[in-house]
Amino acid sequence: MDYHKELITVSQKLIPDFEITQEHSLSKKSFIDKLSPYINHLLDNDFQKLVQIMYRIDVSEKEFALTLQPGTKKIPEKLAEMVYDRLCLKAKIRAEYKAK
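Residue numbers for the sequence shown, in numbering that gives the first Met the number 0: 0 to 99.
In case anyone wonders, no lab produced these hints; they're calculated from the structure. Small disclaimer: the values here were computed from a predicted structure and weren't measured. Backbone N, C-alpha and C define an ideal beta-carbon position, used for all residues, glycine too. Incorrect hints may appear among the rest.
Just the calculated beta-carbon pair ranges, DEER-fashion [stated by the list, open to error]:
(1) L67 - K27: 30 to 36 Å
(2) A98 - G70: 43 to 49 Å
(3) D16 - I92: 30 to 36 Å
(4) G70 - I92: 31 to 37 Å
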């Protein structure tokens, strides 16, 4: 089953300022590459909004905190990967539920 459409829908709903459309490639790498600059912007300018997004997506609070530890490299990319993994799970569950 292809979750591409559902992944786009979930992404648009849970990350309203993140612009992604059906035309975008949704390989894990391309999604992370597209989301990382947005997350970096939030880290620098609106940390509270980033926390709210992570909460809405239901990213593990523990993993989120560990990723933000001093000395961690590529924080935006790691956070984007956590978001992608969680959104994929949500998209898969929603697509399976709709199929029933």
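I92 and G70 - C-beta distance against the hinted 31 to 37 Å: Given a distance of about 35 Å, which is inside 31 to 37 Å, the answer is holds.
Range hint compliance [Cβ, A98 to G70, 43 to 49 Å]: Because 44 Å falls inside the window, the suggested range holds.
Cβ distance range 30 to 36 Å for D16 and I92, holds or violated: violated (24 Å)
K27 and L67 - C-beta distance against the hinted 30 to 36 Å: The hinted range 30 to 36 Å is violated for L67 and K27, with Cβ atoms some 22 Å apart.
In the structure shown, a violation is registered for the earlier hints numbered 1, 3, in ascending order.
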